[in-house]
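With the hints as your guide, set chain B onto chain A.
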Amino acid sequence: MTSSLRLRAGLVSIALLAAFLGVWHLATRSTGTAATMSPEYAKLMGLTATQGKSAMPGPLDVGAKLWEHLKRPFYDNGPNDKGLGIQLAYSIARVGTGYLLAVLVAIPLGFLIGMSPLLSKALDPFIQVLKPISPLAWMPLALYTIKDSSISAIFVIFICSIWPMLLNTVFGVASVRKEWINVARTLEVGTVRRAFTVILPAAAPTILTGMRISIGIAWLVIVAAEMLVGGTGIGYFVWNEWNNLSITNVIIAILLIGIVGMLLDQILARFTRMVTFPE
Amino acid sequence: MSDKFISIEAIAKRYPGAGGATTTVFENLWLSMARGEFACVIGHSGCGKTTVLNILAGLDAPSEGAVIVDGQAISGTSLDRAVIFQSHALLPWRTVLGNVAYAVSSKWRSWDRAKVKAHAQSFIDLVGLTGSEHKRPSELSGGMKQRVGIARALSITPKMMLMDEPFSALDALTRGTLQDEVRRICLETGQTAFMITHDVDEAIYLADKIFLMTNGPGAVLAEVVQNPLPRDRGRTDLHRHPLYYALRNHIIDFLVTRSKTFTAETPDHDPRNVPVVHIGKPGLTIASNGEEQRQTWIPGPSPGLTA
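Sequence order for the protein chains is A and B.
For the first sequence, counting from 1, position 135 maps to 135 in the UniProt record's numbering; every step adds exactly one.
For the second sequence, counting from 1, position 56 maps to 56 in the UniProt record's numbering; every step adds exactly one.
Don't read these hints as lab results, they were simulated from the structure.
Do not take every clue at face value.
[As the list claims (entries may be wrong)] Straight line, CA to CA, 30 Å or less: simulated DSS-like cross-link-like pairs of lysine-lysine:
{"hint": "1", "chain 1": "B", "residue 1": "K117", "chain 2": "A", "residue 2": "K178"}
{"hint": "2", "chain 1": "B", "residue 1": "K135", "chain 2": "A", "residue 2": "K178"}
{"hint": "3", "chain 1": "A", "residue 1": "K178", "chain 2": "B", "residue 2": "K107"}
{"hint": "4", "chain 1": "B", "residue 1": "K159", "chain 2": "A", "residue 2": "K178"}
{"hint": "5", "chain 1": "B", "residue 1": "K135", "chain 2": "B", "residue 2": "K159"}
[Said to hold, decoys possible] Incomplete in silico selection of chain A near chain B, CB under 8 Å:
{"hint": "6", "residue": "V176"}
{"hint": "7", "residue": "E179"}
{"hint": "8", "residue": "N182"}
{"hint": "9", "residue": "R185"}
{"hint": "10", "residue": "T186"}
{"hint": "11", "residue": "L187"}
{"hint": "12", "residue": "V192"}
{"hint": "13", "residue": "T197"}
{"hint": "14", "residue": "P201"}
{"hint": "15", "residue": "D265"}
{"hint": "16", "residue": "F277"}
{"hint": "17", "residue": "P278"}
Idealized CB from N, CA, C, for every residue including glycine.
Same shape as in the complex, but just chain A (with noise of 0.2 Å):
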């Protein structure tokens, strides 16, 4: 029954992609000559002008151009030609610096704050002021103090991902059910052991969603941020290619980034799975 519900659904997802497909090509294919006009003049109009193709490439144009790209992912021209591999393993690698970071962070200090009502009471303030500033409103601070602009990308991924994480560990800390607590107490437990043996297991599902939530919110700015601090990575790509008015690797790497963002959710959504109990 579930097998036979996965068949048909994986069944109308791919009717619907090659739906999306063929409009996508009917809407941007060439409509045969549309103006007569000396072959010099035509040359230099293009063939959106003289045989009515839609300036949109069509899903054929991007698969080759993709495929172009799958062939040499690592290929490094210099500044402005890199491989699209080269460019996702510089936006990963920024992500994964900055979001570690946060982790490091977030998880001990929300593990304080929350065991700790005063402290909780305390930074709630400051938290509640800094979690909605848009990571992207650091940036001119983070360039003007750090100096460098890669590592002040780092530092806008750090401070985007730290607050989820930090609240859901906070909660998630906050609320072990008071009868395990009980159970440590009655057993003598210290604190240390506590924590590691009763609030970290119980608070874990709740601290993974937050890093979930995290991990999607840094792949999101990442590509903002590269954007505006240049240099490389999937976001100057998109930036580089809209300058070149390449539209065909525009679109590449909107799939691309989405694809990558997928897998990380995918990759947080399993350690989630791997530390939920059932109760």
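This is chain B only, laid out in the frame that chain A set:
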């Protein structure tokens, strides 16, 4: 007094209420138990039974007064006093064995893994869960979960067991089986046990002493009823004992009417010297260190009424 293994002395619990007023759940509560005794507390919700148990466990601190266990005033929780929680409170990410082993390794920190496992296993066997040690709590029935709770409490070989309505969430059949097990284990190991219950029959079957508490707020310990049934009582012929109904009726009368009216009707109630009620057996008094303790006698059924 040296024969008091547990002595609750003049404890009170107050909470700050609305508008600066304080709500007194109970005050000046005195209660004592001998070693190896099984005591049940009966009273309506809100009379502070659970608070008394939490104070005994060390999970809660009294606003006034002290609790003395084995000659020492308690402060905080202790591995000597094991708690069986109403909601079993198993750690859901650990297996049955993991839950019991957690308690064992908390008591004996230096034991190696194999020794902890063997010790935990022996208590899992004791409560009849052999074969389920690698299951998670979510895979167990309510009765099995509570068995794990009992195994966990027993595995640390405590001086006393504190049970907060341990069987109230179970069906009647499972409850009966677990009562049998708890009674057998407590008799075999000479365990001192303090149990809160709402179930009059449970109290009659298990307890040596039944504490009756009036309604809160301002609850008092009204009476200590000495269970007249023999120590080797069996579940099946319990109700045939000539004093069974006298005892049961006395407790139910208390719960239905006297728990509300007791404080008004007994203005001279001395919380330090709570009357010990013996059902239908005059002449068997509990000596209380020379102090003259007030004794109340409830007559058993006349021979003509006994079937």
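Status of each hint after checking the structure:
1. The hinted pair formed by K117 of chain B and K178 of chain A meets the criterion: a straight-line CA distance of about 27 Å does not exceed 30 Å.
2. At roughly 23 Å between alpha-carbon atoms, K135 of chain B and K178 of chain A fall within 30 Å of each other, so this suggested pair holds.
3. Between K178 of chain A and K107 of chain B the CA atoms are separated by roughly 21 Å; this keeps the pair inside 30 Å, and the hint holds.
4. The straight-line distance between the Cα atoms of K159 of chain B and K178 of chain A is roughly 24 Å, inside the 30 Å bound, and the hint therefore holds.
5. For the suggested pair K135 of chain B and K159 of chain B, the alpha carbons sit about 29 Å apart, so the restraint of at most 30 Å is met.
6. Of the supplied interface hints, the one on V176 of chain A is violated, with its beta-carbon coming no nearer than about 11 Å to a beta-carbon of chain B, more than 8 Å.
7. At its closest, the beta carbon of E179 of chain A sits 4 Å from a beta carbon of chain B; the interface hint therefore holds under the 8 Å criterion.
8. The closest approach between the C-beta of N182 of chain A and any C-beta of chain B is roughly 6 Å, which is under the 8 Å cut-off, so the hint is satisfied.
9. At its closest, the beta carbon of R185 of chain A sits 5 Å from a beta carbon of chain B; the interface hint therefore holds under the 8 Å criterion.
10. Taking 8 Å as the C-beta cut-off, the interface hint given for T186 of chain A holds, the closest approach to chain B being about 5 Å.
11. Interface hint status for L187 of chain A: upheld, as the beta-carbon distance to the closest one in chain B is roughly 4 Å, under 8 Å.
12. Evaluation of the V192 of chain A hint against chain B yields a violated restraint, the C-beta minimum of about 13 Å exceeding 8 Å.
13. Taking 8 Å as the C-beta cut-off, the interface hint given for T197 of chain A holds, the closest approach to chain B being about 7 Å.
14. The restraint placing P201 of chain A at the interface with chain B holds, with a minimum CB-CB distance near 5 Å, inside the 8 Å limit.
15. Below 8 Å, beta-carbon pairs count as interface contacts, and D265 of chain A has none with chain B, the closest being about 24 Å; its hint is therefore violated.
16. Hint on F277 of chain A holds. Least Cβ distance to chain B is approximately 4 Å, under the 8 Å limit.
17. Given the 8 Å rule on beta carbons, the hint for P278 of chain A holds: about 4 Å separates it from the nearest Cβ of chain B.
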